[in-house]
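**Student:** Listed here are the chains, written in short residue letters.
Number of protein chains: 2
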Amino acid sequence: MPRWDTMHDLPTGGQAGGRHGRGPLWWHGRFHGCGYRITVPRQAILNVLSKTSEHLSAEDVYIAVHKIYPNVGLTTVYRTLELLVQMGIVCKIDFGDKRARYELSEGPKGKRHHHHLVCTKCGRIIDYTDFIDKEIELLTKTEKALAKKHNFEINNHLIQFYGLCSECRKE
Amino acid sequence: MPRWDTMHDLPTGGQAGGRHGRGPLWWHGRFHGCGYRITVPRQAILNVLSKTSEHLSAEDVYIAVHKIYPNVGLTTVYRTLELLVQMGIVCKIDFGDKRARYELSEGPKGKRHHHHLVCTKCGRIIDYTDFIDKEIELLTKTEKALAKKHNFEINNHLIQFYGLCSECRKE
DNA sequence: TTAGTAATGGAAACCATTATCAATAAGGAG
DNA sequence: CTCCTTATTGATAATGGTTTCCATTACTAA
Numbered sequence: 405m406p407r408w409d410t411m412h413d414l415p416t417g418g419q420a421g422g423r424h425g426r427g428p429l430w431w432h433g434r435f436h437g438c439g440y441r442i443t444v445p446r447q448a449i450l451n452v453l454s455k456t457s458e459h460l461s462a463e464d465v466y467i468a469v470h471k472i473y474p475n476v477g478l479t480t481v482y483r484t485l486e487l488l489v490q491m492g493i494v495c496k497i498d499f500g501d502k503r504a505r506y507e508l509s510e511g512p513k514g515k516r517h518h519h520h521l522v523c524t525k526c527g528r529i530i531d532y533t534d535f536i537d538k539e540i541e542l543l544t545k546t547e548k549a550l551a552k553k554h555n556f557e558i559n560n561h562l563i564q565f566y567g568l569c570s571e572c573r574k575e
Numbered sequence: 405m406p407r408w409d410t411m412h413d414l415p416t417g418g419q420a421g422g423r424h425g426r427g428p429l430w431w432h433g434r435f436h437g438c439g440y441r442i443t444v445p446r447q448a449i450l451n452v453l454s455k456t457s458e459h460l461s462a463e464d465v466y467i468a469v470h471k472i473y474p475n476v477g478l479t480t481v482y483r484t485l486e487l488l489v490q491m492g493i494v495c496k497i498d499f500g501d502k503r504a505r506y507e508l509s510e511g512p513k514g515k516r517h518h519h520h521l522v523c524t525k526c527g528r529i530i531d532y533t534d535f536i537d538k539e540i541e542l543l544t545k546t547e548k549a550l551a552k553k554h555n556f557e558i559n560n561h562l563i564q565f566y567g568l569c570s571e572c573r574k575e
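Chains A and B, in that order, give the protein sequences. Under our numbering, the residue at position 28 of the first sequence is numbered 432, and the numbers go up by one with no gaps. Under our numbering, the residue at position 148 of the second sequence is numbered 552, and the numbers go up by one with no gaps.
No lab work stands behind these hints, which were simulated from the structure alone. Heads up, some of the hints might be wrong.
Just so you know, same-sequence chains aren't split out, so a pair can sit in one copy or run between any two.
Cut-off 25 Å, straight-line C-alpha distance, at most; resulting in silico cross-link-like pairs (SDA-like, lysine to any residue) [said to hold, decoys possible]:
1) LYS553 <-> VAL494
2) LYS496 <-> GLY527
3) LYS525 <-> LYS548
4) LYS548 <-> ASN451
5) LYS552 <-> PHE499
6) LYS525 <-> LYS538
7) LYS548 <-> GLU463
8) LYS552 <-> ASP531
9) LYS502 <-> HIS459
10) LYS496 <-> THR443
11) LYS552 <-> LEU562
12) LYS496 <-> LEU543
13) LYS525 <-> ASN475
14) LYS471 <-> PHE535
15) LYS455 <-> GLY477
Could you build the full structure based on these sequences and the hints that come with them?
**Tutor:** Structural data, given as structure tokens:
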């Protein structure tokens, strides 16, 4: 049974190194800077999010973490995800299926920035990155104008398309 | 106490006439066409939605309807809103405050088409219509390309900006 | 080592939304 | 207008994702 005092056996390296070009554990600084502690559950949760390109629900994360650290509770998963969202490290997305989903965020200008096509019938999600450049251009312009007109400080945006995926169109 | 057999006292005219240029009760045809019945609760709910420019939650609608027709239940409100969404008459929006909100939809090309600025601190919602033309242009282009590439039939889209409203920026 | 405080996890509470099901009313046929 | 069929309704109970509580545990600094 895993123990809380064995943090060192956590697989912390892996993809994180190259993916963001910030070396492994790049988020440690962020945590320390905010006065947050680096704990096993938090590392495990971030690790799960780093290793997938899927849109995980809190329960998905819980199950994945639970396989390695059965002691981590669902409550902690929710709390940690909320914390990460608030820190801007993770994006919380709603696809209309009654459960929030989470993915690592890379900021609007990041390489992996994408939006979603949501199938309203089967719930399938397709990520797309097409037109991102023009999108960013328009968004930037819009953001500036809106910020000026409404004195609104824009930090994030959401774009989603809803419709029927190729499978569901057949029927 | 209102009775179910007094449908005729429902205020059905009013804004509906000019707003859509379709005359009052324009949705009656839609209902009949789908085989749906026109009932007091449904009329009352559509009436409430027609008379406001706010983003009402199911409970908001329930309370408003309840003032005139105390017999209408919350369940029916949920059911009717769901039906209207499915018919495309109403838009269901999620602002991240845990409750769905509803507003009359006017289609992407309609005059009143707008998007939202959501204050992540106080929850305030600001409608905006700026850049709608350019937005529509990009969206149309994007929709076409995505539909082609992913064989996805796009029926709707969602754009939202998140940030801090003028009030919340002060603190 | 020792406080002091952040973090955790199990259980219970929350609360918007749905399912159930008997009672009721809309709309068409006669 | 009346009857009949079936959609619709509404009170209540159930659901299920998310939060709250709170006693326990584990970092961190001194």
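**Student:** Checking an output row: LYS455 and GLY477, CA cutoff 25 Å. Within, between, both or neither?
**Tutor:** Classified as within: same-chain Cα gap 20 Å, cross-chain 47 Å, threshold 25 Å.
**Student:** Within, between, both or neither: how does the pair LYS552, ASP531 come out at a Cα-Cα threshold of 25 Å?
**Tutor:** Between copies only: 15 Å across chains, 31 Å inside a chain, cut-off 25 Å.
**Student:** How would you label the pair LYS525, LYS548 (within, between, both, or neither) given a Cα cut-off of 25 Å?
**Tutor:** So LYS525 and LYS548 pass the 25 Å test across copies only (20 Å; inside, 36 Å).
**Student:** Can you tell me if LYS525 and LYS538 fall within 25 Å by alpha carbon in one copy, between copies, both or neither?
**Tutor:** Cα proximity of LYS525 and LYS538: none, with 29 Å in one copy and 29 Å across.
**Student:** One pair to classify: LYS496 and THR443, alpha carbons no more than 25 Å apart. Within, between, both, or neither?
**Tutor:** within (22 Å within a copy, 39 Å between copies)
**Student:** Treating 25 Å as the Cα threshold, decide for LYS552 and LEU562: within, between, both or neither.
**Tutor:** Intra 20 Å, inter 22 Å, cutoff 25 Å: intra and inter.
**Student:** Checking LYS471 and PHE535: alpha-carbon separation at most 25 Å within a copy, between copies, both or neither?
**Tutor:** neither (39 Å within a copy, 48 Å between copies)
**Student:** Go through the copies and call it for LYS552 and PHE499: within, between, both or neither, with a Cα cutoff of 25 Å.
**Tutor:** between (30 Å within a copy, 22 Å between copies)
**Student:** Tell me, please, which holds for LYS496 and LEU543 at an alpha-carbon limit of 25 Å: within, between, both or neither?
**Tutor:** Cα proximity of LYS496 and LEU543: in one copy and across copies (20 Å, 23 Å).
**Student:** Within a copy, between copies, both or neither: which one fits LYS553 and VAL494 at a CA-CA cutoff of 25 Å?
**Tutor:** The answer is neither: 29 Å in one copy and 28 Å across copies each exceed 25 Å.
**Student:** When no copy is named, should LYS525 and ASN475 be tagged within, between, both, or neither for a Cα gap of at most 25 Å?
**Tutor:** Answer is neither; intra-copy 37 Å and inter-copy 33 Å both fail.
**Student:** How do LYS548 and GLU463 come out at 25 Å by Cα distance, when the copy is not named: within, between, both, or neither?
**Tutor:** neither (37 Å within a copy, 35 Å between copies)
Hint compliance for this structure: hints 1, 4, 6, 7, 13, 14 are not met, and every other hint is.
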